[in-house]
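One line per chain: the protein sequences are G and V, in this order.
Residue numbers for the first sequence follow the working numbering, so the first one is 1 and each next one is one higher.
Residue numbers for the second sequence follow the working numbering, so the first one is 1001 and each next one is one higher.
Certain hints may be false.
Computed spacing ranges between beta-carbons, pair by pair [as the list claims (entries may be wrong)]:
1) G:Thr89 - V:Asn1289: 40 to 46 Å
2) V:Lys1256 - G:Thr89: 25 to 31 Å
3) G:Thr29 - V:Asn1518: 45 to 51 Å
4) V:Phe1609 - G:Thr29: 49 to 55 Å
5) G:Asp124 - V:Leu1294: 54 to 60 Å
Honestly, the hints are just simulated from the structure, not real lab data.
Quantities reported herein were computed from a predicted structural model and do not represent experimental measurements.
The beta-carbon is built from N, C-alpha and C at its ideal position, and this holds for glycine as well.
Below, each chain spelled out in residue letters.
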Amino acid sequence: MQVNETFKPTVVAFCCNWCSYAGADLAGTNRLQYPADVKIIRIPCSCRLNPLFILRAFQRGADGVILCGCHPGDCHYTTGNYYARRRMTLLFSMLDYLGIERERTRVEWVSAAEGAKFAETMNDFVETVTRLGENRRLEDLRCKSE
Amino acid sequence: MQKIGVFVCWCGSNIAATVDVQAVSDALAREPGVVFSTNYQYMCSQAGQDMIQEKIRELGLTGVVVCSCSPRMHEATFRKACEKAGLNPYMVEIANIREQCSWIHKDKLSGTEKAVLLGKAAVAKVHLNTPLTAGESPVTKRALVIGGGIAGIQTALDIAEAGFPVDIVEKKPTIGGKMTQIDKTFPTLDCAACILTPKMVDAAQNENINILSYSEVEAVKGFVGNFTVTIRRKARFVDETKCTGCGLCTEKCPQKKVPNEFNLGLDTRRAIYIPFAQAVPKAAAIDPNYCTMLKTGKCGVCSKVCTVGAIDYQQKDELLEREYGAIVAATGFEPISMDKFDEFAYSQSPDVVTSLEFERLMNAAGPTGGTLLRPSDGTHPHTLVFVQCVGSRCDGGEKGKPYCSKICCMYTAKHAMLTREKYPDTEVYVFYIDVRTPGKNFDEFYRRAVEEYGVHYVKGMVGKVVPENGKLKVQASDLLGGQQLHIDADMVVLAAAVEPDKSARPLATMLTASMDTNDFFTEAHPKLRPVESPTAGVFLSGACQGPKDIPETVAQAGAAAAKVIGLLSKDRLTCNPCVARSDELMCNGCSACEKVCPYGAITYIDKEFRGPNRTTLLRRVAQVNPAVCQGCGACTVACPSGAMDLQGFSNAQIMAEVDAICK
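Turn these sequences into a full structure, and let the hints steer you where they fit.
Shown next, in the form of structure tokens:
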């Protein structure tokens, strides 16, 4: 596949408030660069992420969606990230079925102390998504008539 | 339609340097519903806050978006400011354009573009915000301190002093912790026992302090102000209330060959024992792993000699359930195991000891009565080699720890000084990477060791220690002299790195308090909230948060106590109103939400609804207890009918943010 130099992907990052959002803040405090294509949405816990939000992002033109939460065992709400992990596994197989490349969705555990890991993860994810190019937009046919 | 005001902060040049703040406020002014948009140098300053309040009053704003630093930093500030101007605080949203934008992007164009998008997402969210009112929950006015070392004791004493009851849970049969094992303390060289044991007695005698020794925390439920903790009181087979601590049983016990953990296995104790003379509570405990009576049912000497009938071989572990308003973790540290450092021959020769073992060998109450003797043959050592940074400041982290253990430089200087003072015939070498002595009177202390006591400080590491003919052949490099050194030593002392106590990790999981990669507890803010954990109601005291010496530990213990007192002095706490809510008309009572709720906040009631043809229907619907719900949102996704939603992070709000970002 030819890599488009000017292609700027739209990447949505859902970050849990307690670990990953704080990890993202730490990346900022430490001035660790990652592409501006990443936009973060704060959610209280990774288990707040309804898989529908990811499908919605793909409908609206996102090229990649990443979910970041506390490490397994470290969830602020004890068990939230375990639910998130199971739900995302199911979503992955659905996205396979829909023909959205597996690499466009990712789950990563980033603690509040791992600013460097957050930046590395985002750099790597944006690179992967850029390599894949523009995403095929999911469409809700019910909205077509508008 | 909401009337939204947008306030873009420059944060001095922190934001303004890489984000065109004027362009951001201009772009956001064109968003639907935005009636006012501006930028200002420091939004969080009094002038900035005044401006927001003035605009709320002047324009009747129904929503506010502040584009500034992380909401973790100033969300509360701006919410409070808006509340003062009559706006519901939950109508405020923060767009994080500092930590997650200006600080990480160098290109002003893309930084500005991103800031505009983040602002648009926040505006889109505010459109769907609803005013929320915080509920209240009561506060249990009792604190729990986990760990009875100097950190835990000091915290408990300070809380008790303010009039609140405190429980100390200590896993060992006595409180006192590591400090009880230390001989003298730097930089003043006053004896540790002399300053610690009066505090232990104070704690025991304080009517507000309840010491639960030989106990461990088993489970923690609840939330700030309302914790329910299950504590396991391990069977000590001695009735603590009857035992007078006379010690007769410990003299008569026939099982003499139990390694004495208080002296780090350098001598032995009996199966029934009092850890040390000044133990608090001063009550014996039976070690079930060694007691002949408990193992075979034949002995019973201790119960025969006990004049008060305190021995109870039938005692079982007991589970206590108690309520607390605040919890302080004070689990402390331990030296790392020397297993991975066999180049120093720790496992091959008893004359290679760790610094804590050396501390016992120098202690008047230690196995040698304070006379420094080689553990192998009981002779007086003449040449001693101290090795610093054993396991500290190790790159890669496989073998040791990446951090500086902080206390080793000072205690090694102390050991070297005390050795030279007591035994002027000795030669003492200290091998170091760097000598780090920042602290009041610390550097003076170290210089005294070198200048007055003639300790040989050598910059360089010891490569190998080989036991040979009763001597320890030490091979080391002298970096400043540029030569290899070969020293025939009588004893080698290893300054082992410190690590968090093993009990800290499972405890952190129970408390849902976060830890760093080295298993030290994380503070809520490394500079501004150093004694609070990010989990509300959980506080940190002492070395469980990072390596610390005694003065620092005591200072932090007092600080943690002050925070606890602040919390306990409130009668009611306001709860987070961002909790789940069930739409009863949509709920079908399937119980999916109840199963995933980690707090048991969801219950079901049978409720009457209007049915067809003027009938009434009885339907089972979910109800959320807002005081118990912590707002994680697990239920909102589990709900198959979409009845459950999270206030402040509703489905519609998050979708609106997604839409704004993906446009």
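Taking each numbered hint in turn, which are not upheld by the structure, reported in ascending numerical order? Hint check: 2, 3 fail, others pass.
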